[in-house]
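Asker: Generate the whole structure from the sequences, applying the supplied hints.
Protein chains in written order, with my numbering: chain A, 1317 to 1429; chain B, 38 to 151.
Treat the hints as calculated values from the structure; they're not laboratory data. Computed from a prediction, not measured in an experiment: that's the story for all the values here. Please note that a few of the clues may not be correct.
[Stated by the list, open to error] Sample of chain B residues facing chain A (criterion: CB under 7 Å; computed from the structure):
1) F102
2) A104
3) F128
4) G135
5) N144
Think of the CB as a built atom: it goes at the ideal place given N, C-alpha and C, for glycine as much as any other residue.
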Amino acid sequence: SQKIEQNSEALNIQEGKTATLTCNYTNYSPAYLQWYRQDPGRGPVFLLLIRENEKEKRKERLKVTFDTTLKQSLFHITASQPADSATYLCALEGGTGFQKLVFGTGTRLLVSP
Amino acid sequence: DAGVIQSPRHEVTEMGQEVTLRCKPISGHDYLFWYRQTMMRGLELLIYFNNNVPIDDSGMPEDRFSAKMPNASFSTLKIQPSEPRDSAVYFCASRLGGEGSPLHFGNGTRLTVT
Chain A
1317 SQKIEQNSEA LNIQEGKTAT LTCNYTNYSP AYLQWYRQDP GRGPVFLLLI RENEKEKRKE
1377 RLKVTFDTTL KQSLFHITAS QPADSATYLC ALEGGTGFQK LVFGTGTRLL VSP
Chain B
38 DAGVIQSPRH EVTEMGQEVT LRCKPISGHD YLFWYRQTMM RGLELLIYFN NNVPIDDSGM
98 PEDRFSAKMP NASFSTLKIQ PSEPRDSAVY FCASRLGGEG SPLHFGNGTR LTVT
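Answerer: Printed below as a string of structure tokens:
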């Protein structure tokens, strides 16, 4: 069955460092991969989208890579700030059903001053 | 742009009661999704609509759940009768366009069934 895995343990880093979050998937061939940020008590907020034929995408301090051979996406936040503390979710679309965005369970990031 | 609006924000009800959750998508968006989020299972897609028509309801857990979209600016998710295991945060999201478009989420309804 299709599976999307994100590290369930929180990632703790110091302000100024680069945070790297991982999204692995199995039994899936997504055409699109998206990353969202979720703060407590709020809905997820879209950050970045990357297509299957793209290796890397950047937006300000954010960078996403997509390796369809490894079935993995990495999400980087450079020069991290305490305000970056949140849960980050990856979401896949394509394969068996377009229009259906399937989410991972998310990884909580804590950036300490 | 007011974003996706959900009501109520919190709902506490007793087992066996009917619960209705409401969603107003972003104006002009042609897709609407209902998700449920729990600690154990994360975000699960329940059902989605395209141009007010239900396209895929394979994620709806059982017949106790039903969803409607009578027009482009309103959708409901109903649970009847409710059970304690339905306790979760229910999110509505909308988007403009098909695959590859970002979802815009509301802030959810936290449902507690006692």
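Asker: Does each hint fit the structure? Answer for all of them.
Answerer: Now for the hints, and whether the structure bears them out:
no. : hint : in the structure
1   : F102 : violated (17 Å)
2   : A104 : violated (15 Å)
3   : F128 : holds (5 Å)
4   : G135 : holds (6 Å)
5   : N144 : holds (5 Å)
Checked against the numbered hints given earlier, the structure breaks hints 1, 2 and satisfies all the rest.
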